[in-house]
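Student: For reference, the chains in residue letters:
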Amino acid sequence: MDVLYFAWVRERIGLPKEKVETSAATVADLVEELRGREERYAAAFADLSAVRVALDQELSDFDAPLSGVREVAFFPPMTGG
Amino acid sequence: MDVLYFAWVRERIGLPKEKVETSAATVADLVEELRGREERYAAAFADLSAVRVALDQELSDFDAPLSGVREVAFFPPMTGG
Amino acid sequence: MRIAIQEEPFDFGAEAAGFADGRHDMGAVVTFTGVVRDLASGDLDAMEIEHYPGMTEKALRKIAAEAQTRWDLGDLLIIHRYGRMAPGERIMMVGTAAPHRRAAFEAAEFLMDYLKSRAPFWKKEHRKGATGWVEAKDSDEAALRRW
Amino acid sequence: MRIAIQEEPFDFGAEAAGFADGRHDMGAVVTFTGVVRDLASGDLDAMEIEHYPGMTEKALRKIAAEAQTRWDLGDLLIIHRYGRMAPGERIMMVGTAAPHRRAAFEAAEFLMDYLKSRAPFWKKEHRKGATGWVEAKDSDEAALRRW
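Residue numbers (the working numbering), protein chains in the order written: chain Z, 1 to 81; chain S, 82 to 162; chain F, 163 to 309; chain Y, 310 to 456.
Please keep in mind that the hints were generated in silico from the structure rather than gathered at the bench.
All C-beta atoms, glycine included, are put in the ideal place defined by N, C-alpha and C.
Check before you lean on any hint, since a few could be wrong.
Said to hold, decoys possible - Subject to a maximum C-alpha distance of 25 Å in a straight line, what follows is the list of computed SDA-like cross-link-like pairs (lysine to any residue):
| hint | chain 1 | residue 1 | chain 2 | residue 2 |
| --- | --- | --- | --- | --- |
| 1 | Y | LYS367 | Z | ASP63 |
| 2 | Y | LYS367 | Z | VAL69 |
| 3 | S | LYS98 | S | PHE143 |
| 4 | F | LYS290 | F | GLY245 |
What the hints assert, rightly or not - Covered stretches of chain F, as calculated for chain Y (at least 3 residues, CB under 8 Å):
| hint | stretch |
| --- | --- |
| 5 | 166 to 177 |
| 6 | 261 to 274 |
Only chain Z is shown next, with the shape it has when bound in the complex (with noise of 0.2 Å):
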């Protein structure tokens, strides 16, 4: 599964992109996965109010099912416009 970062969840984590081999079910389960495996981690998943995610490039929630997602990103609320 490809894993996206953008703004400061980029910056804290130190890339844009990685690749994830998870059994994760859910957004949240994926999320604890990441937590535990470094301190940039934990720092970009800190505070999980202030993150949004997009799974296969639509928003969705952390509450969401993984299966058949190939593309999940994780970023701040967005400031278009």
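Place chains S, F and Y on chain Z using the hints.
Tutor: Leaving out everything else, chains S, F and Y in the frame of chain Z:
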């Protein structure tokens, strides 16, 4: 006093502007006086709910006094923009 | 601030590009343009706009001043034509520039609502040799009550 | 309908002039332009905009389609830049054309409210050598609840 007419009020009365000597106290009195003059005025002022008035180029009301006023204008509801 | 009342066409692209151009303190710019609209019937030959010289200038200045009192505007533009225009021609435009988008949108809507019903312009349609004055709409009068 | 996501500047005057130009059935055209705004401090060196290629296109198409469902629009335009911009530069624009002014205004406000909070763009400010991500405003999230 200069009396001006615009749009269909002008067309019904048949002229854009005229000098009127009057001792009418209010706009309503002036309208009454004009109505009594000729049929074309009566036609123009048949339905006052469809006529607006400006005194010295400021929107006003039919019960406004005419004392000191130099220019009275009658016209239909405006359709700008 | 600029207010122009004119018979000749205006260059919308140039006016839009020039309006508030280079201002660093205004994050939001809104323009509204009114266009001579032909109905589905497609039989409109021309729109003719009459106005009240002298009062028109005063009314537009008053409306513009009111908008500047209500919103924090960095710039404001009103251009309104009179005379004869073909379908598709631009009748008028307003421009508003403000630090934030909500103020720019609201001020532009306010200007339009007031221009519709409080500025001394009257529209006459020419169709197949016949003419008719455009009637004021109750919805335009109602729109003023928002402000 | 046109949607453009690009790094290079766009010619606002030309885009505004060309949008819905010559349409006889649309009486009202609204444009909104977002500009890189420097605060009173005047120390903004640049604004940098990051986006999510792929998702951005999808999100803008979805927002545009939603606007076309809700309002009777004759045309619609969205241009949004990414990359580095100086204060005063135009970041983005939307254009809406409709038979009547209310629809054109509402659709433009709707597009802006959704672009602010639902299109994957992130702004970073560069000031005196330091950088900071622009935080989303509660008022922008609240603005969505109108629709």
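Student: Now look at each hint and say whether the structure bears it out.
Tutor: The hints, checked one at a time:
no., hint, result
1, Y:LYS367 with Z:ASP63, "23 Å, holds"
2, Y:LYS367 with Z:VAL69, "17 Å, holds"
3, S:LYS98 with S:PHE143, "19 Å, holds"
4, F:LYS290 with F:GLY245, "18 Å, holds"
5, 166 to 177, "holds (count 4)"
6, 261 to 274, "holds (count 8)"
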